[in-house]
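Sequences listed follow chains A and B, in order. The first sequence runs 188 to 504 under the working numbering. The second sequence runs 10 to 339 under the working numbering.
Among the hints, erroneous ones may be present.
One-sided excerpt, in silico: chain B residues whose CB lies under 8 Å from chain A [to be verified]:
#	residue
1	22
2	24
3	27
4	37
5	107
6	111
7	113
8	115
9	117
10	316
Label pairs and their calculated CB-CB ranges [to be verified]:
#	chain 1	residue 1	chain 2	residue 2	range
11	B	117	A	219	55 to 61 Å
12	B	25	A	286	42 to 48 Å
13	A	237	B	230	47 to 53 Å
14	A	209	B	134	48 to 54 Å
15	B	253	A	219	30 to 36 Å
16	A	433	B	159	29 to 35 Å
17	B	279	A	486	52 to 58 Å
Simulated from the structure, these hints should not be mistaken for laboratory data. Beta carbons: idealized from backbone N, C-alpha and C, even for Gly.
Below, each chain spelled out in residue letters.
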Amino acid sequence: MGLLTTTVGWLPKPTSLLRARWRFSEGEIEAEELRRVEDAAMRAALELQQRIGLDVLVDGQLDRGDMVGHFAARLEGMELLGLVRCFGNRYYRRPRIVGEVRRAEPITVERWKAASALASRPVKAIVTGPYTLMDWSFDEHYRSREACCRALAEVIRAEVEDLLEAGATELQIDEPAISTRPEEMDLAASALERVTGAARGRARCWTHVAYGDLAPVLDRVLALPVDGVLLELANSDDSWLDALAGLPPDKLLGAGVIDVLDPEVESVGVVRNRIRAVLARLPADRVRIAPDSGMRTLPPAVASAKLEAMVAAAAEF
Amino acid sequence: MIRSFNHGSYPRVGASPLDQQIRAALRALERGDATAAEVAEVADEVTTIAVAEQSRAFIDVVTDGMVRWSGPLSHLAVGLEGLELRGLRRWFRTNFYDRRPAVVAAIRRRGPFLVHDYEVAQRVTRNPIKVVLPGPVTFARSAIDEHYGSREAVAEAVARALAEEVADLAAAGATFFQLDEPLLCLHPEDAALVADAAAPIFAAAGPGATTILATYFGDLTALAGGLDRLPGSHLGLEATRGHANFALLDRLPADKGVALGLFDATTTLLEDAAEVAGWLGPHRAGLTRRDVLVGPSAGLELLPRDQAFDKLLQARYLVERLSREWTWAC
């Protein structure tokens with residue numbers, strides 16, 4: 188039977204889509220043409236995941252530039268500024284909050300519905316969490332991190348309600364910024380609760396955190412108000428593994444066993460060993476297998492090969 | 010005397026495709042469509058642009074923009090043997106991530122790794138180029154040590170390598186150096202170690218050089234009684250709106266210059282020069298007796314380029330205003 192597998196959401200954009208996005212930004216093609224290329228890329232991404240044998244699919248977030256800007260560009264009260272580097276040669280357009288944040292219409296629902304219609308397995312709906320949206324924006328309006336975070340929680344809750352209405356049963360609320368300020372964990376958790384509360388009993392809610400110094404807050408992260416926590420374990424030290432014993436008994440672990448920052452494809456044996464280390468601490472029925480984080484910065488062929496190794500290793504258990 | 014300065018990095022990409030050439034070049038390198046030499050050429054050009062932009066804001070003491078730096082600590086792996094880069098770690102409370110260095114063998118300098126950038130930058134302006142150096146103690150606290158077994162030994166090894174680099178930079182003409190020790194704000198107990206590590210580095214700069222011990226992302230109030238023990242000709246202090254460090258401005262050692270990070274590099278809210286002059290007003294007597302540098306609170310790469318430029322402009326306006334309105338003893 189094997190362990191169930193999924194991804195964290197982002198899949199690499201094919202060259203055709205990168206080219207179309209560039210041409211669209213330069214005004215060379217219309218939105219309709221970009222949409223056509225995005226649809227084709229999404230179909231291919233779903234086919235790939237099904238061929239590899241992943242259990243819970245994603246649309247690949249191929250219509251998104253980055254996890255914050257995609258929402259900021261579609262929310263009233265937010266505007267996108269220029270590029271800011273987040274690491275290495277990776278950049279994002281950091282938003283600025285200039286007024287009351289409001290959602291004029293659903294942001295991700297149509298895309299999720301389109302992906303679900305094409306898929307033979309469940310497709311996970313993915314949104315960015317309120318704390319991360321707040322922390323990765325420049326707030327010039329609320330001038331209070333709490334007020335800003337709570338306003339964004341209402342917006343994301345409304346989005347989640349629409350996703351549930353559309354039939355989503357697997358939800359992922361990304362909160363990579365959640366470990367930034369340990370003293371704000373209560374705020375982050377209560378904002379997340381406001382979002383996931385809408386889904387309780389209707390869908391399985393995951394959160395994904397990565398790349399911060401999680402050690403001081405790992406116990407709080409594991410206790411966040413979600414059904415499962417996706418953690419990067421391939422690209423972390425063993426102290427995180429040891430902390431997994433603290434995962435509350437009613438929660439699932441999404442174990443990140445693929446290093447998405449390393450372009451070298453892991454062998455099945457390497458992934459198997461990473462999975463074994465997790466299973467030494469948690470029973471198999473509480474573990475799902477995933478990459479550490481989004482795979483969008485990897486070459487498409489490398490991402491595919493990594494996912495193949497992951498699924499093959501997960502099938503051995 | 011009061012002068013404006015850039016703290017460290019300057020956004021290496023801007024809004025237009027032309028302003029994203031370093032990004033495109035590095036992507037091409039990843040894909041195998043460009044050579045390292047081609048990327049180096051682009052990096053030189055972007056360094057030139059970064060200096061030109063700072064000069065366009067009439068900043069007195071500029072940097073090379075740190076265009077080649079992959080991160081504030083990971084860049085050391087370019088120049089030093091004995092280091093490996095591991096997973097990403099957040100840089101303080103920013104949304105900037107750097108690969109965490111691991112010390113896996115004895116640290117030795119491979120050869121000059123900052124001199125070329127300094128020379129490229131200095132060709133663009135007659136104003137001094139300030140060279141930014143990662144602090145050995147901040148490095149030692151952040152890195153994974155798999156070789157030395159003590160933080161002190163890691164800091165000492167890094168300091169020795171940086172002292173060699175500074176000697177080469179001084180030989181190339183550099184006279185302005187900034188050693189970044191932001192973790193001193195969170196770990197004031199490291200003050201003596203910071204002083205020990207900085208000593209050979211600043212000594213290598215030679216007599217007459219400006220040597221700034223830069224602290225940021227926090228305050229130094231815990232060291233209020235011992236500021237005279239901190240090394241360098243200047244102490245770098247974050248001093249954004251309402252910052253605790255303002256309490257230190259009247260307690261600085263008499264012979265010490267100060268580099269004030271008044272313009273918050275973590276927010277797009279723009280401080281007005283007149284407003285900032287008001288913050289400094291109560292400390293006028295102490296400030297006008299010393300060499301004062303004013304600028305952003307941290308590297309400007311945390312901001313989009315347009316907003317970064319605006320922060321520099323306000324720093325320049327502040328200098329113009331206080332040069333005119335205050336009488337400076339030096």
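Structure-based check of all given hints:
1. Evaluation of the residue 22(B) hint against chain A yields a held restraint, the C-beta minimum of about 5 Å falling below 8 Å.
2. Among the interface hints, the one on residue 24(B) holds; its C-beta lies about 5 Å from the nearest C-beta in chain A, closer than the 8 Å criterion.
3. Restraint check, residue 27(B) versus chain A: the minimum CB separation of about 13 Å is more than 8 Å; hint violated.
4. Below 8 Å, beta-carbon pairs count as interface contacts, and residue 37(B) has none with chain A, the closest being about 11 Å; its hint is therefore violated.
5. With 8 Å as the threshold, the beta carbon of residue 107(B) comes within range of chain A, its nearest partner Cβ sitting at about 7 Å, so the hint holds.
6. The criterion of a C-beta within 8 Å of any C-beta in chain A is not met by residue 111(B), whose closest approach is roughly 10 Å, and the hint is violated.
7. For residue 113(B), the interface hint is violated, the least distance from its beta-carbon to any beta-carbon of chain A being 15 Å, above 8 Å.
8. At a threshold of 8 Å, the smallest CB-CB gap from residue 115(B) to chain A is about 23 Å, leaving the interface hint violated.
9. Look at residue 117(B): its Cβ only gets to about 25 Å from chain A, farther than 8 Å, so that hint breaks.
10. Residue-level restraint check for residue 316(B) holds (minimum Cβ-Cβ distance to chain A is 7 Å; threshold 8 Å).
11. As the Cβ distance of residue 117(B) to residue 219(A) is approximately 59 Å, the hint placing it in 55 to 61 Å holds.
12. In this structure the supplied range 42 to 48 Å is violated for residue 25(B) paired with residue 286(A), their Cβ-Cβ distance being about 27 Å.
13. For the pair residue 237(A) and residue 230(B), the supplied restraint of 47 to 53 Å is violated, since their beta-carbon distance comes to about 59 Å.
14. As the Cβ distance of residue 209(A) to residue 134(B) is approximately 34 Å, the hint placing it in 48 to 54 Å is violated.
15. About 55 Å separates the C-beta atoms of residue 253(B) and residue 219(A), a value inconsistent with the hinted range of 30 to 36 Å.
16. With their beta carbons about 31 Å apart, residue 433(A) and residue 159(B) fall inside the hinted range of 29 to 35 Å.
17. Distance hint check: the CB atoms of residue 279(B) and residue 486(A) are about 40 Å apart, inconsistent with the given range 52 to 58 Å.
Comparing the model with each earlier hint shows violations of hints 3, 4, 6, 7, 8, 9, 12, 13, 14, 15 and 17; every other hint is respected.
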